[in-house]
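Engineer: Letter by letter, the chains look like this.
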Amino acid sequence: MDLLHNLHTGFSIALTWVNLFYCSVGVLVGQVIGVLPGIGAPTAIALLLPLTFAINPTSAIIMFAGIYYGVAYGGTITSVLINVPGESSTVMTCIDGYQMALKGRAGAALSIAAIGSWIAGTASVILLMTFAPALARFALRFGPSEYFSLALMAFGLLTVFGGGPPVRIILSTLLGLLIAVIGLDVVSGAPRFAFGIPQLLGGIDFIVVICGIFGVAEVFNSIEEPEETSLVKDKMHLRDLFLTWEEWVASRWAIVRGGVIGFFIGLIPAGGITTASFLAYLAEKRYSKHPERFGTGAIEGVAAPESANNSASISGFAPLLALGIPGSPTTAVMLAGFMMWGIRPGPLLFQTNPEMVWGLISSMYVGNFMLLLMNIFLIPAFVAMLRVPYSCLMGFIVIFASIGAFSVNNNLFDVWMMLGFGLLGYVMKKLEYPIVPLVLAMVLGRLAENSLRQALMISGGSLAIFFTRPFSLMFVIAAILAYLSPLIRWALRGRHRVDVTMT
Amino acid sequence: MWVANFIAAVIALVLGLAVIIFSFQLAYMSEYGPGPAFLPRWIGIGITACALVILAQVLRKNRKAEEFFKPGTRLGVKILIEIIITFLFFPVLGFSIALGIFTGVAMRTMGKHRWISCGLTAAVTAVSVHFLFGHYLDIPLPTGMIGF
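Protein chains in written order, with the numbering used here: chain U, 1 to 503; chain G, 1 to 148.
So here's chain U without its partners, still in its complex pose:
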């Protein structure tokens, strides 16, 4: 009954003209960003944060959520038509989607991506609706030791899902933590790594780092290595978007499996939508009776990853809303947005701001439906956007990044710092140091440090507090296993190799 009441409240907020407007702006911007190269969801949201100063926070978060799940839809268009993933989460779609396009079935590939995303996304919202409040109630029992262990687990999981050599992921995480500790220490008031620079005493703002490391760094990387694209030239008609019965039969269970995998991967801090689509594709290939069809234009190879990435992008809101722990760079930027608006996500959010939470959740039904319609009727318009020259786009990224950095504290020092982080991001990407761990560690750094210190104050300095409380112990064990996973993988690989040589 509570759920229905909350949903009613949510829809009464999501269906106001203002919120419908921001939801449609969000999904449209998300689609456009997914189509355009060199700009991703975290960058877009970070660059748009200053625009939300004049907007109600509920409308702003509805718009940002729309961007988040809209990006995956948009990225599919480029994956299918030009074999270039607009987003990392649509990489797997390239494999079979582009092959389908070459066979003249681009319309069917785009249709199944939209339909699969819509079905899985809507199912994911229903699960989120029931799961997130339960998680929030559960998290009310958490104290500082649980929060520190949870952050430790999130950092550990980055080693598993971070997408790079483990030692580089750990280094990137530590750099994020180092940036987070700069400024006045909240307990003692001692300045740390400020070197007498007054602008550093307040710490380095997250938005400054994000605008540089995602926005400006992406500009340099895109200028240096422009993507070679070849658009599938066949003109697309509305009738091409219809699926054949065989295609629907082949993809319906792939959508279900992809949706389920996506939902659970999205719940894991640091799990991410890219991992979800990757695992869904692999699972589908393994489950298929004809795995040899994958890579040659199998429609299940489009349906599964597309359903998974949309499902994961929605379930990724559960740890953010219920625990205040972002699971991906995009939700990390949203967390920064919450803080900017003076709202602290976490277990109490469902009690203190129910209108915002349920308005957001309800808007996801609306947004997913809008995306389905847009993907059926506006594909030619999105394809036309692929012709926007990067020379025009780049200037606007720099403008938004500069103003975004400036608007945090209204000082030029932040703008220069943003440029510095842009260069850092450029070099890190070039040398294959993953950026996501740095971003997540920076967001969670203060929470982790404060929780650690509070926990140790409570225990009188004894580390036993992390091992004697059951949930804390559980998170610590998960963290240790995650950190040891590269070693475990290495040992298993070594053993397997020995077995192979012995046989």
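Derived from the structure by calculation, the hints contain no laboratory data. As the structure is a prediction and not an experimental result, all values here were calculated from the model. A couple of the hints might just be wrong.
Taking lysine-lysine and the DSBU-like style, the derived pairs with C-alpha atoms no more than 30 Å apart in a straight line are [what the hints assert, rightly or not]: (1) LYS429/U x LYS61/G; (2) LYS78/G x LYS430/U; (3) LYS70/G x LYS112/G; (4) LYS429/U x LYS112/G.
Once you've looked at the hints, dock chain G against the given chain U.
Structural biologist: What follows is chain G alone, placed relative to chain U:
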């Protein structure tokens, strides 16, 4: 790329050691529990350890022919210089005009667009930035010497 990786590992090593050294200027433990140096010192130790591992990995690897600088790097450097000049001119020209000019110049540098279209884009951008951010969103953008 080998040299770049080597330099990056050395920088990380120096950074890690610097963090450890600076952390000694702060209290590691206080009467309430861990002090302000507690986490930074462990971060420094972690960075140093990771840097040493990466350094060892780099030294064990063969030097590959892959270059750090690519043909497009020159263009990237040009744009970087244009960004730096734009930022330097913020106090003189103000945000709107400086960013408008940057957009036009960067378009010309990157896309070889005609001067007229670059100039037009610059003007429209400057006016849009001024009204959208300065007026509609009330962000107090620096106005420069000509007050715009």
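Engineer: Would you mind marking each hint as holding or not holding in the structure?
Structural biologist: The hints, checked one at a time:
1. Restraint check for LYS429/U and LYS61/G: satisfied, since their Cα atoms lie roughly 20 Å apart, inside the 30 Å limit.
2. About 18 Å separates the Cα atoms of LYS78/G and LYS430/U, which keeps this hinted pair within 30 Å; it holds.
3. With a CA separation close to 20 Å, the supplied pair LYS70/G and LYS112/G stays within the 30 Å bound.
4. The suggested pairing of LYS429/U with LYS112/G holds, with an alpha-carbon distance near 28 Å, which does not exceed 30 Å.
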